[in-house]
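These protein sequence lines map, in sequence, to chains V and W.
1 is the number of the first residue of the first sequence in the working numbering; add one for each residue after it.
1001 is the number of the first residue of the second sequence in the working numbering; add one for each residue after it.
Honestly, the hints are just simulated from the structure, not real lab data.
We put the beta carbon where it would ideally sit given N, CA and C, even for glycine.
Treat each hint with caution, since some may be false.
Pairs of lysine to aspartate or glutamate residues, derived as DMTMM-like cross-links and limited to a Cα-Cα distance of at most 25 angstroms, are as follows [claimed, not checked]:
no.: 1; chain 1: V; residue 1: Lys88; chain 2: V; residue 2: Asp153
no.: 2; chain 1: V; residue 1: Lys88; chain 2: W; residue 2: Asp1185
no.: 3; chain 1: V; residue 1: Lys88; chain 2: W; residue 2: Glu1290
Pairwise CB distance ranges (calculated) [as the list claims (entries may be wrong)]:
no.: 4; chain 1: V; residue 1: Lys109; chain 2: W; residue 2: Glu1041; range: 42 to 50 angstroms
no.: 5; chain 1: V; residue 1: Thr79; chain 2: W; residue 2: Glu1146; range: 16 to 24 angstroms
no.: 6; chain 1: V; residue 1: Thr21; chain 2: W; residue 2: Arg1281; range: 30 to 38 angstroms
no.: 7; chain 1: V; residue 1: Asn219; chain 2: W; residue 2: Gln1168; range: 51 to 59 angstroms
no.: 8; chain 1: V; residue 1: Ser86; chain 2: W; residue 2: Arg1173; range: 42 to 50 angstroms
no.: 9; chain 1: V; residue 1: Arg174; chain 2: W; residue 2: Arg1173; range: 43 to 51 angstroms
no.: 10; chain 1: V; residue 1: Glu111; chain 2: W; residue 2: Asp1034; range: 43 to 51 angstroms
no.: 11; chain 1: W; residue 1: Gly1128; chain 2: V; residue 2: Ser86; range: 23 to 31 angstroms
no.: 12; chain 1: W; residue 1: Gly1305; chain 2: V; residue 2: Arg116; range: 45 to 53 angstroms
no.: 13; chain 1: V; residue 1: Lys59; chain 2: W; residue 2: Arg1105; range: 55 to 63 angstroms
no.: 14; chain 1: V; residue 1: Arg174; chain 2: W; residue 2: Arg1105; range: 39 to 47 angstroms
no.: 15; chain 1: W; residue 1: Met1001; chain 2: V; residue 2: Val179; range: 17 to 25 angstroms
no.: 16; chain 1: W; residue 1: Trp1448; chain 2: V; residue 2: Glu32; range: 31 to 39 angstroms
Single-letter residue listing:
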Amino acid sequence: MNNSARDQILSDIRQALNRTTSLDKSVSAALETRLAAHSIHVQPVVETDFVSRFIAKSKAVASTVATVPSLAQVPEAVTQYLTTSSQKLEVVMAPDPLLDGIDWPASMKIERRQARRQDVVSITGVFAAIAETGTLVLLSGAHSPTTLNFLPDVHIVIVRRQQIVTHIEDVWRRMRSEVNEVPRTINFITGPSRTADIEQTIQLGAHGPRSLHVVLVEN
Amino acid sequence: MKVTSQAFATRAVAALKNVDLQRAMAKAKGGFIDKRRVAIEALPEFEQLRSVAREIKEHTLSHLDFYLERFESQVIASGGHVHWARTAAEACEIVVDICRRVGARSVTKGKSMVGEEIAINPALENAGLEVIETDLGEYIIQLAKEPPSHIIAPAVHKTREQVTDLFQEHHSRYGYNQRVTEIPDIVNEARQVLRDAFLSADVGITGANFLVAETGSTIIVTNEGNGDLTNTLPGVHIVTASIEKVVPTLEDVTAILRLLARSATGQEMSTYTTFSTGPRRSADLDGPKEFHVLLVDNGRSQMLGNEFREMLRCIRCGACLNHCPVYSSVGGHAYGWVYSGPMGAVLTPLMVGLEKANHLPNACTLNGRCEQVCPMSIPLPKMLRQLRIREFEQRLTPTRMRWGLSIWAYLARRPHLYQPVMSIVVRLLEILGRKRGRFRYLPFAHGWTKVRDMPAPQGQTFQQAWRRSGDGSRL
Chain V
1 MNNSARDQIL SDIRQALNRT TSLDKSVSAA LETRLAAHSI HVQPVVETDF
51 VSRFIAKSKA VASTVATVPS LAQVPEAVTQ YLTTSSQKLE VVMAPDPLLD
101 GIDWPASMKI ERRQARRQDV VSITGVFAAI AETGTLVLLS GAHSPTTLNF
151 LPDVHIVIVR RQQIVTHIED VWRRMRSEVN EVPRTINFIT GPSRTADIEQ
201 TIQLGAHGPR SLHVVLVEN
Chain W
1001 MKVTSQAFAT RAVAALKNVD LQRAMAKAKG GFIDKRRVAI EALPEFEQLR
1051 SVAREIKEHT LSHLDFYLER FESQVIASGG HVHWARTAAE ACEIVVDICR
1101 RVGARSVTKG KSMVGEEIAI NPALENAGLE VIETDLGEYI IQLAKEPPSH
1151 IIAPAVHKTR EQVTDLFQEH HSRYGYNQRV TEIPDIVNEA RQVLRDAFLS
1201 ADVGITGANF LVAETGSTII VTNEGNGDLT NTLPGVHIVT ASIEKVVPTL
1251 EDVTAILRLL ARSATGQEMS TYTTFSTGPR RSADLDGPKE FHVLLVDNGR
1301 SQMLGNEFRE MLRCIRCGAC LNHCPVYSSV GGHAYGWVYS GPMGAVLTPL
1351 MVGLEKANHL PNACTLNGRC EQVCPMSIPL PKMLRQLRIR EFEQRLTPTR
1401 MRWGLSIWAY LARRPHLYQP VMSIVVRLLE ILGRKRGRFR YLPFAHGWTK
1451 VRDMPAPQGQ TFQQAWRRSG DGSRL
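Can you build the whole structure from these sequences, using the hints too?
Pasting the structure below:
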């Protein structure tokens, strides 16, 4: 039955398009060319100082941003953020080589795994960050479990300056050249979770993280 | 769900008198319009993007079979399954079968208008499954046992007090006995209650804002994060999507994404834009083990071949609802099915049958704002007029109105008759209305004069006045 539904829908579509069969070879070749070209359409102007733009756009969507000169200062920035927001130094961390390479303080309790219900704070890296919109891009994989991005109350994201791109399309270009296959999940995250379903009033922390904190590493 | 669009007039009157509804609608209306305007003014490329988006969709629709087949093969290549359904009934059967096969007991859902369209919830409940809506708005209306009243803000018709009452009634069984009245507390209580549902669900069902042919990805655009917990935590992820959602490449969808959130909520990007491609990979630490995409036709392949084809460009942003004076006055429930406002007045008759919804295309002032704000430039007023023509052709128009229209059409096509008849009518009305200068009641037009007076004519028809003035400069 499923196959007959498929065939009938495709045949109804062709009939609606005044065709009886699949496309001519020449037309389908043109469509293949279009698919392979990955042509970029109109893009909004992004100023030359796109790092400042990324920071400004992140803050505009209620993320917080701390800038540190190098990876060595990340633990201090994270500790300070957790202390000021009255959180315990207990985190669940993505098993990401970048994060493993950081010298975390012994006082911080760290588990490297996917998220569970009781986890309060998660720390992850990113694949890229987009200046155009202040968006973080995370690709699922052994080093980046998706649940870390959604279950905990606080999501801390370590972004290196060279990971910031100007436009959304730059992510696709980088993904095609650096990743073998499209991952199960690509998350574009622009600020902490929110809802406006009650009286159209924006309230943060609907189902995903209540806070999103970006630690931007300059070098 | 049962279609009650034929009761539009009575429901609209009731809606206008419903104090809670009017309060809720008044709060929502300005916000949507202002936020959209600000977002679009901040993007000088908006009009260019609009024409690009239209081209992308038209190109895709012209080769819809090719792109659907490509999408299908890419989903399969990434380890997922694709199912096709001609009708709502077929679609429900497929989803229920998957749930049965995996022995599911509970299902969490992300917001899906196609899910509403095919009425998946009752189908799953009849099969003995527990179904939990997890988008806050959808959750509220599920508790209230109501359909959505807006395609992106399903509970926009509810006041905060009504939500408080609903939560008190339904959450005491989870041990929440405190009455929550402030928005942060209401949102937090829903967050806590739904956590258990997310973590214990066997199947997660989401919709799709777009399908990408190139990669076999399904995309959801959300703000709450419920869609992501729905498509990540359960062992099985099912996507319900309609066939017109496909676009060729990631670059194509990027262009349209720049229009969607701005038109819908005035955001540059929604909080979460998520691309799902296949099930979890062998090295992944989380994610569903099965990934299914259900492609639903439900009348769309017919639309592709007729004068309503352009409606298939719709990306369900809700801008036409927010800018419609009729929708803003009566809310979504008066429309009597799942889609409302201008897009609903076009889609409902096409999907449920014009004979069950022929009042909707008439609930329009043809002011044209919907088309002006539509990011995909869909000529909604033209389509509403086309539906009125179909209504007349199918003899669904009330008899008295048909007579009136027929008489008028007969005269209008014969100027030598039209002009003398009109000058007699106008003179007669002038004499009858001389005393007051207006009419409080006119036979055959009682509905019109019930809420306003008809001014009495001043003695000449327009054409007579035009002729007398010579060049028309001194009317």
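Which constraints among the numbered hints does this structure fail? Numbers only, ascending.
3, 5, 8, 11, 13, 15 and 16
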